[in-house]
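S.K.: Given the coordinates of chain A, assemble chain B onto it according to the supplied hints.
Residue numbers (the numbering used here), protein chains in the order written: chain A, 1 to 508; chain B, 1001 to 1103.
Keep in mind that the hints were calculated from the coordinates and are not lab data.
Be aware that a few hints might be false.
Each computed EDC-like pair below joins lysine to aspartate or glutamate, with the alpha-carbon atoms no more than 20 Å apart [to be verified]:
{"hint": "1", "chain 1": "B", "residue 1": "Lys1097", "chain 2": "B", "residue 2": "Glu1008"}
{"hint": "2", "chain 1": "B", "residue 1": "Lys1097", "chain 2": "B", "residue 2": "Glu1080"}
{"hint": "3", "chain 1": "B", "residue 1": "Lys1011", "chain 2": "A", "residue 2": "Asp237"}
{"hint": "4", "chain 1": "B", "residue 1": "Lys1097", "chain 2": "A", "residue 2": "Asp233"}
{"hint": "5", "chain 1": "B", "residue 1": "Lys1011", "chain 2": "B", "residue 2": "Glu1087"}
{"hint": "6", "chain 1": "A", "residue 1": "Lys457", "chain 2": "A", "residue 2": "Glu282"}
{"hint": "7", "chain 1": "A", "residue 1": "Lys271", "chain 2": "A", "residue 2": "Glu282"}
{"hint": "8", "chain 1": "B", "residue 1": "Lys1011", "chain 2": "B", "residue 2": "Glu1053"}
{"hint": "9", "chain 1": "B", "residue 1": "Lys1097", "chain 2": "A", "residue 2": "Glu440"}
{"hint": "10", "chain 1": "A", "residue 1": "Lys457", "chain 2": "A", "residue 2": "Glu469"}
{"hint": "11", "chain 1": "B", "residue 1": "Lys1097", "chain 2": "A", "residue 2": "Asp237"}
{"hint": "12", "chain 1": "B", "residue 1": "Lys1011", "chain 2": "A", "residue 2": "Glu282"}
{"hint": "13", "chain 1": "B", "residue 1": "Lys1097", "chain 2": "B", "residue 2": "Glu1087"}
{"hint": "14", "chain 1": "A", "residue 1": "Lys457", "chain 2": "A", "residue 2": "Asp272"}
{"hint": "15", "chain 1": "B", "residue 1": "Lys1011", "chain 2": "B", "residue 2": "Glu1031"}
{"hint": "16", "chain 1": "B", "residue 1": "Lys1097", "chain 2": "B", "residue 2": "Asp1002"}
{"hint": "17", "chain 1": "A", "residue 1": "Lys457", "chain 2": "B", "residue 2": "Glu1080"}
{"hint": "18", "chain 1": "B", "residue 1": "Lys1097", "chain 2": "B", "residue 2": "Glu1061"}
What follows is a set of in silico ranges between Cβ atoms, one per label pair, in the way DEER data are often shown [as the list claims (entries may be wrong)]:
{"hint": "19", "chain 1": "A", "residue 1": "Glu399", "chain 2": "B", "residue 2": "Gly1058", "range": "51 to 61 Å"}
{"hint": "20", "chain 1": "A", "residue 1": "Ser234", "chain 2": "B", "residue 2": "Ala1005", "range": "20 to 30 Å"}
{"hint": "21", "chain 1": "A", "residue 1": "Glu113", "chain 2": "B", "residue 2": "Glu1053", "range": "32 to 42 Å"}
Per the computed footprint, the stretches of chain B lying under chain A, defined by three or more beta-carbons under 8 Å from a beta-carbon of chain A, are [as the list claims (entries may be wrong)]:
{"hint": "22", "segment": "1041-1055"}
{"hint": "23", "segment": "1063-1075"}
{"hint": "24", "segment": "1079-1085"}
Note that the coordinates shown come from a computational prediction; the quantities given were computed from them, not determined experimentally.
Just so it is clear, CB atoms sit at the ideal spot from N, CA and C, and this is done for glycine as well.
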Amino acid sequence: MSSERAAPASPSIYPGATISGRFRIERLLGRGSMGAVWRARHLALDVDVAVKFIDGALRDELDHRLRFEREAQSAARIGSQHVVNVLDFGEDDGRLYIAMEYLDGEDLGRFLERNGRLSLAVTARIVTHACRGLSKAHALGIAHRDVKPENLFLCGDADDDGFVLKILDFGVAKSAHLESLTGTRAGQLIGSPAYMSPEQARGSRHLDGRSDLFSLAVVAYHCLTGRAPFLGDSLPDLLLSIIGSDPEPVSRREPGLPLALDDWFERALAKDPARRFQSAKEAGQAFERALGERSSSPLDLRASSPDYATSPTVTAQRVDSELDEVVTRNSSTRVAVARPSVSNDTVAIGLPSVLAQLAELSGVLGAALVDPARSTIAHQGSAELPPSLFGELAERVHEGLRAFENIEAARGRLLALYFQSATVLLRWIEGYALVVVGTEQVHPAVLSVSLNNAAAKLQASTEQAGGAENAFRVRSSEPAPTPGAVSGIPPAPAPPRHQRTYRGARFR
Amino acid sequence: MDTRATLESLKSVRGVARSSQDGEALASAGELDADTLCAVAAVSADALLQVGELLAAGSLERWYFVSEDSTYYVSERGRERLVAIGEPVRNAESTAKALHGAR
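Bound-form chain B, shown alone:
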């Protein structure tokens, strides 16, 4: 996974990082605090996984979160996860999908 290439392929994203499941930043590109973001995403994912358990919905595949200042995108990939940060947008779906499909 080339984080630089992924970053360049996504409009409205300003930083991309590869993270271990434990939240350790493995690689990053662009403007983001990769260590913090990867750690926070790992903590958040634990709680969000419980949502899937409540629904018996299977494993978490991807999620995104739009705040006033930013949009956070997370693509779960088995032992790793891909985390990105971008501009706040009304419809983040296309970027989230593109990140999840990035190879």
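Here chain A stands alone, though its shape is the one from the complex:
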């Protein structure tokens, strides 16, 4: 009689085990979101290394495997003394691992726990070193996407200011090249909420280095004041705070701090990426200037400083300013966007960019502006939602709300409709309807705040242009619309209602 024992799902890793014939495991250092990190000895070089293993349960999931590989490749390419050095990456008996230099010290999260808040000098060193590391990463088109105290390691003795900061965990980093292969799924929030940028909090799929700089500013704020600038009792509250509220100036929280730091934080924590520092170098140098003197170790940011406004990782954030075109990364479709203007024959100031930003939110399928005659003036999003559909939606909704009261006389109304598999939000601007259609996965609170903000922007543009009629008038020479792109052409006359169907729209 024989008995069979099931093989363990993942071979155990234990002190004394040898990995790929090169490393001998010594002791567990800690656990992260994706796996455990062990201290090990590099047998050939006879030096200590840190070996990170992906969890057995995650190993076979393509998404996690790709992220693990991405961490190794991203960190290895950067080659900065302020980014942890990757020595090796491989698979041993079914165990995926990354071997990194062994760091002696503690992460900033623990250091903050012990100290509450930090001195200006220590904070300046943290910001300076982090900017150096990020500058090199950004120059390669790599955004970290999870800058937080736990991922900033202080090597050496942090208590006497003699530390060297190294950035850890490029596990959620994204490069322009890899994005097309392993893009974040719609609705998936990656990063640590308290340190997220507004575009991360909205679930944007297109993040660049300016998102990292926002997160670094949140870390700096935490260091100087002992608490993060954005707080909330729940995750939605926190995300809404990041998206919509302005933090208290640091000099008010800590009266001894230079007033010039308030200006630095105002810019570093701007909601609009275009209003932030445009490079890590610029952020680091501005921080030094805000302190009133240069440090003894001036910033050495010789890596080419990426201009995020032209970097390939930049997408929808650009369209909010004076730019005349934007590339939608997921479809590689070039989208024509009108230059802002107040002339009477021009599409509303900022209208295409407002629609682009709404359509870019995670879980959103399309956004459009509909005129009082229920014609779609401009739209952006999935080709499965034709322009005329938005006008039809607005018409049905208008019919529905007429029973409530005279909605023609009112301004600034918001309607949110939740179906089993879809979300529809409408906001009126002087009789025009701003319409957003999303999946059931769209974050409702974030979407309604985004829609209100978009409506406020358009409202301001109509005031500039002397009314919605002028602001939203369509230029007759607009190019023909591209499927899935912003269009400025009113739709062709719609066929009779009974001939129309949009059953092809998919929401799951």
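M.R.: Using the frame of chain A, we list chain B on its own:
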């Protein structure tokens, strides 16, 4: 469904009513004209259901509507619907969600 308990559990809401699908007020609590509001909600829901049909989005679950003076919340519950009226707010989502989750 205890409309009084629901009313007390929702901040920024001043009245709650239970309605049949046809718009008949079944119970209410707080400051609202339940008969009118339930009837109007029923008429409105018919048109709003067409939005779902256009999108093939499944049944309507809940909706809210913010006007200059008030916010109207409606939670569709099969043969009944729950209707509430409250203050105009910038972000009505949390109240709408709480009403929909009320038992």
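S.K.: Now look at each hint and say whether the structure bears it out.
M.R.: Hints versus structure:
1. Simply put, B/Lys1097 and B/Glu1008 have alpha-carbon atoms about 15 Å apart, close enough for the 20 Å limit, and the pair holds.
2. With a CA separation close to 17 Å, the supplied pair B/Lys1097 and B/Glu1080 stays within the 20 Å bound.
3. The hinted pair formed by B/Lys1011 and A/Asp237 meets the criterion: a straight-line CA distance of about 16 Å does not exceed 20 Å.
4. About 17 Å separates the Cα atoms of B/Lys1097 and A/Asp233, which keeps this hinted pair within 20 Å; it holds.
5. Proximity of B/Lys1011 to B/Glu1087 is assessed by CA-CA distance (about 9 Å); at most 20 Å being required, the pair is judged to hold.
6. Distance restraint check for A/Lys457 and A/Glu282: the Cα-Cα separation of roughly 29 Å exceeds the 20 Å cut-off, and the hinted pair is therefore not satisfied.
7. Distance restraint check for A/Lys271 and A/Glu282: the Cα-Cα separation of roughly 18 Å lies within the 20 Å cut-off, and the hinted pair is therefore satisfied.
8. Between B/Lys1011 and B/Glu1053 the CA atoms are separated by roughly 33 Å; this puts the pair beyond 20 Å, and the hint is violated.
9. Among the hinted pairs, B/Lys1097 with A/Glu440 is consistent with the structure: their alpha-carbon atoms are about 14 Å apart, no more than 20 Å.
10. For the hint linking A/Lys457 to A/Glu469, the alpha-carbon distance of about 16 Å falls within 20 Å, and the restraint holds.
11. Distance hint between B/Lys1097 and A/Asp237 is fulfilled; the C-alpha atoms sit about 14 Å from each other, no more than 20 Å.
12. The suggested pairing of B/Lys1011 with A/Glu282 is violated, with an alpha-carbon distance near 46 Å, which exceeds 20 Å.
13. A hinted pair counts as satisfied when its Cα atoms are at most 20 Å apart, and B/Lys1097 with B/Glu1087 qualifies at roughly 16 Å.
14. With a CA separation close to 13 Å, the supplied pair A/Lys457 and A/Asp272 stays within the 20 Å bound.
15. A threshold of 20 Å between alpha carbons decides the hint, and for B/Lys1011 with B/Glu1031 the separation of about 14 Å falls inside it, so the pair holds.
16. About 17 Å separates the Cα atoms of B/Lys1097 and B/Asp1002, which keeps this hinted pair within 20 Å; it holds.
17. In summary, the hint linking A/Lys457 to B/Glu1080 is not supported, as the alpha carbons are separated by about 39 Å, beyond the 20 Å threshold.
18. Restraint check for B/Lys1097 and B/Glu1061: the C-alpha separation of about 11 Å stays at or below 20 Å, so the hint holds.
19. Range check, A/Glu399 to B/Gly1058: about 20 Å between beta-carbon atoms, so the 51 to 61 Å window is missed.
20. The given range of 20 to 30 Å is respected by A/Ser234 and B/Ala1005, whose C-beta atoms sit roughly 23 Å from each other.
21. Judged by the Cβ atoms, the range 32 to 42 Å given for A/Glu113 and B/Glu1053 is violated: they are separated by roughly 55 Å.
22. Chain A is given as covering the segment 1041-1055 of chain B, and this holds because 11 residues of the stretch bring a CB closer than 8 Å to a CB of that chain, at least three being needed.
23. With 7 residues carrying a beta carbon less than 8 Å from a beta carbon of chain A, the segment 1063-1075 of chain B meets the three-residue requirement, and the given coverage holds.
24. For the segment 1079-1085 of chain B, the proposed coverage by chain A is not satisfied: 0 residues have a C-beta within less than 8 Å of a C-beta in that chain, short of the threshold of three.
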